[in-house]
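Q: My request is simple: use the sequences and hints to build the entire structure.
Same order as they appear, the protein sequences are chains A and B.
If you're matching positions, the first sequence starts at 60 in our numbering and goes up one per residue.
If you're matching positions, the second sequence starts at 675 in our numbering and goes up one per residue.
Honestly, the hints are just simulated from the structure, not real lab data.
It is possible that some hints are incorrect.
As the list claims (entries may be wrong) - For lysine to aspartate or glutamate, the following DMTMM-like pairs were computed, each having C-alpha atoms within a straight-line distance of at most 25 Å:
1. B:797 <-> B:859
2. B:797 <-> A:320
3. B:876 <-> B:1094
4. B:1104 <-> B:1094
5. B:894 <-> A:320
6. B:876 <-> B:973
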Amino acid sequence: MNPVSSPAGRGHQLTPLQRRLHLDGPLLLLIALLTALGLVVLYSAADNSLAAVQQQAIRLSVAAAGLIIVAQIPPQLMRVLAPWGFGLAIITLVAVPFIGIEGGGARRWIALGPINIQPSELMKIALPVALSAYLAGRHLPPRLPDLIASLVLIALPVALIAIQPDLGTAILAAATGFFVVFLAGLQWRYIIGATVAAIPAIAAFWHYIMQDYQRERVLTFLNPEREPLGAGYHIIQAKIAIGSGGVYGKGWLNGTQAHLDFLPERQTDFVFAVLAEELGFVGVCALIGIYLAVVARGLWIASQAQDDFGRLLAGAVSLTFFVYCFVNIGMVSGLLPVVGLPLPLISFGGTSVVTLMAGFGILMAVHTHRRTWSG
Amino acid sequence: MELDPIKDRHHHAGMIRRRLIVGLVGVIALATTLVARNAYLQVTGHEHYSQLAQDNRVRLVPIPPTRGLIYDRDGELLAENVPAHRLVITPDQVPDLSATLERLGEIIELRPSDIERFHEQRKRGRPFQAIPLKHQLSPEEYSHFAVNRHRFPGVETEAELVRHYPQGSVGAHAIGYVGRISESELRRVNPDEYQGSSNIGKSGVEGFYEKRLHGEVGVKRVETNAAGRVLQTLERQPPTPGQDLHLSLDVDLQRAGEQALGERSGSVIAIDPDNGQVLALVSKPTFNPNLFATGIGIDEYRRLQRDPRRPLFNRAINGQYPPASTIKPFVALAALSRGVRAPDDTVYSTGRYSLPGVDHVWRGWKEGGHGEINLKQAVAQSSDIYFYDMAYDLGIEAMHQFLAPFGWGQATGIDLKGEDTGILPSKAWKRRNKGESWYHGETLITGIGQGFFLSTPMQLAKGTAIMANRGHSVTPRLLSGVRPPGEETAHQVERETSPSELFNDVEASQWQFAHEAMIEVVHGERGTARAIGRDAPYRIAGKTGTAQVFGLGKDEEYDAAELPRRLHDHGLFIAFAPAPDPEIAVAVVVEHGGGGSSAAAPVARDVMDAWLTDDAP
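A: Laid out in structure tokens, this is it:
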């Protein structure tokens, strides 16, 4: 078959933006929409503070620069660099307990000159790249030895992140790894078997891995009234904020839950409740709609990728992005336990934004660096 | 591995695409779940959560009403609310609480009880709430603090209204006092009405008329943030102040009564016999009710409670004493109206009395007796022998029936809480309470107001008032008028002036005789209270009494000098004046004061002078 007429290349006349800057227009537009919405909501959540908005805008700009840089890296180069990146991420993760900076009951950061880096965030990128690189050169669906190797590649960093402890990031890292293997064709019998085997594993996890505060969160999630003024307070107040927003919301800057301090962590993990209170069900649907569009565009890019590495990587990054959204909205609206994940591109904070933007950069790189097979 | 890169790629592309579609389906399913969840919260549950959000932010803050004032009959203030400054601490604004308290103690006098109570309240309150540390700062303390306030972040002075009793200890048992609301009191009242109030009427008029004085609580709807700080007031419903009370008490007369008793323990009651209005209600020793208004220290309260002279004890309504000889005019009236005695019936008194077939000799108070005396002389000279004989002929049941309408053995109905009823003995009473049958000898001593017979000073005063007005039953009352908030003048309290039919069988001449006998007590040549009658500018009808505290053996002599004071007799005196048209009825009990004529009668004279003569203080 002629490579030029291969499905991956078919119908893909790259736009000048894609060809010259290696950026994807639709994805850029959706990201811009999300960040704009995020800044608007943040202005309200930060009690009409322009300073917070400026600060976040600067972070977003820096992260966007990161996106542009990552987008310039050809996927082939990523594939070559993958083992090195993964190795670096592992080393820094291992180093965290020894030289890390402590904050909020966990050690997650390493000081690297003037900036602090978070190895677990690095791993969120390094793991799918490395795993995709590994599996893309193998027989697919993966055979058992490859499967075991993949499992080790996933389990090692996830365990290192979980003991920091950072349950939210560990879940995301695990999800990313799983998605790569899943897209690579992991047999359904393994998936079902693992699900059945997970039940005792969860019990063990509960008893030996989880920290007290994490168990607390789960218990309180299952019954928020258990601690109406303690850990359950977050969930109760968030549900009140969301529910009282109604269909059309109380209006921007008019949320009583948000502005009278009832809503905890309303600029960071619980910012979704502010949006739901002030912009209502309509705003919630719009946000979820934009997220879905982002994921759909990412999956489309994956399906149009030229090789397995690009397909696996782009697919895993897109699905992981959705897990991010789902876990945050699910926990704030009381569907999931509170695990401490920000709402992608809306929550105040820098680290997650950089990682997310890097992910989008990868998607764009996969989509825009095309080899012509005719040559 | 030998793989055809192109073939391999094609095969994988299709499989990975299928997996991508599975992923997309999963994503849409989960997104739908999120939308459904939010629809459930925001559409279905909207009303419920809106209510919760409303409850979250809007809080009702009570505004305590201003307590009603209390005046005496001439409009003199007995209880008022004075603006004062209190020192309050907002714990979450204080960097180091114990150091702050220590340094405050250097410029302001802090008692251990102040600090104790502060910590108690702090535990109950929220950290952003200002908690009072000390009430009623003195002007010096206030200015000291003002100069130093920069040294004390989180400490402020606040204006407040504090209950103040300008008369101090005068009339304390009648007026009563307010104090901190206790848990049990909060259960008795509507707790909603007391949100925001820290004090409640504890005793006296303050306690009895708590409902009128307190007023109705107002309320503010305020918006608060999550920490409970008030951000703005949404709506205000002002409180209704309490009613002002006008008492029949005359503070000058009250003071005269207290001065007349001096340092002695006892009670003085003055009543207007026409309507039962209480003009003076003295119980000594007394106390300073201002101590309670700002939360009395535990130590001071214990000191008052443990004081063997019992200053908190209201002797006027809770002190129970044998009425002793003060009962004689009433018994004489009983004998006349029942036809048991005529005024001219005489008895020869040897100072001893015995009953046929009973191996016991009853002695009169006067050794050797009064000789041949008639009924009026028996009252005037207080002959026990005459009254033994007469009481025996009357019998206990007739005495009981006649004395009951005067109010003995039952509460007088005065507007004070916790009044004691005394004991008006009868056969039925003794069987019920002692499980024994009645002895004749007990009839004799009941006739001279001893034995089981017990009366409160208030009961004595009520009986005296009914005697003075010739049988019109009156109920002693402190309250004479009420001024509801917003009105200019006070309304007189409706008073039941029922012409009593209880004494229909007592003829006018018999009342007259009793009055004359009592006048003879004071103004007769041999009257037991002649000492106070000598220079009186008006006619006084009275009767002395001496209540035994210490049971004497049959042949023992009572010698005051040899007995400790607590075993001395109680001196009693009842009187009304001016005869024949009395304006005041008085009852006096002087605990351990000795005889009624020497201890109690002069007190009554002072009180009557204060009421009836112009040059009284």
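Q: Now look at each hint and say whether the structure bears it out.
A: Hint by hint, here is what the structure shows:
{"no.": "1", "hint": "B:797 <-> B:859", "result": "holds (21 Å)"}
{"no.": "2", "hint": "B:797 <-> A:320", "result": "holds (24 Å)"}
{"no.": "3", "hint": "B:876 <-> B:1094", "result": "holds (17 Å)"}
{"no.": "4", "hint": "B:1104 <-> B:1094", "result": "holds (18 Å)"}
{"no.": "5", "hint": "B:894 <-> A:320", "result": "holds (21 Å)"}
{"no.": "6", "hint": "B:876 <-> B:973", "result": "holds (18 Å)"}
Hint compliance for this structure: every hint is met.
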